[in-house]
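With the hints as constraints, model all of the structure from the sequences given.
Just so we're aligned: the sequence shown equals residues 0 to 102 in numbering that gives the first Met the number 0.
No wet-lab data here; the hints were simulated from the structure.
C-beta atoms are modelled at their ideal positions from N, C-alpha and C, and glycine is treated no differently.
Heads up, none of these hints are tricks.
With a straight-line cut-off of 27 Å between C-alpha atoms, the simulated DSSO-like cross-links for lysine-lysine are:
#	residue 1	residue 2
1	34	11
2	29	11
3	47	31
4	40	62
5	11	47
6	11	40
7	47	69
8	47	34
9	11	52
10	47	14
11	47	62
12	69	34
13	52	29
14	34	52
15	31	69
16	14	40
17	62	11
18	52	31
19	52	40
Between beta-carbon pairs, the in silico distance windows are:
#	residue 1	residue 2	range
20	28	59	36 to 46 Å
21	57	7	11 to 21 Å
22	70	41	18 to 28 Å
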Amino acid sequence: MSHTYHFELNSKPGKDGRHTVLLRITANRKHKRIKTDIAVKSSEFDPKAEWGKWVRSRNMDNKEINQRLKEILSQAESEGRTLEKRPLPRPKPCPTAPVILSP
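Following this line, the structure appears as structure tokens:
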């Protein structure tokens, strides 16, 4: 099963007008978005840019931010994040309480 990874912006800006960068992971036509600690203005972000150039040079910290995004992406790839939900453990059966019948 192959996974694809893309960065995108959160549709809702924060109070400062910047959007949080999300890592979108797709597997088996299912998406999962993981929030990063990076926020930029929408005019400074290019989701269709070539690898490693997601934040444009309009942002003064574009090299540092792009480097951090590369680290996040490589970490996600190495961990092999899966989208399947792990089955929850079954709850232990409750001890049967004595049935009290009212007279």
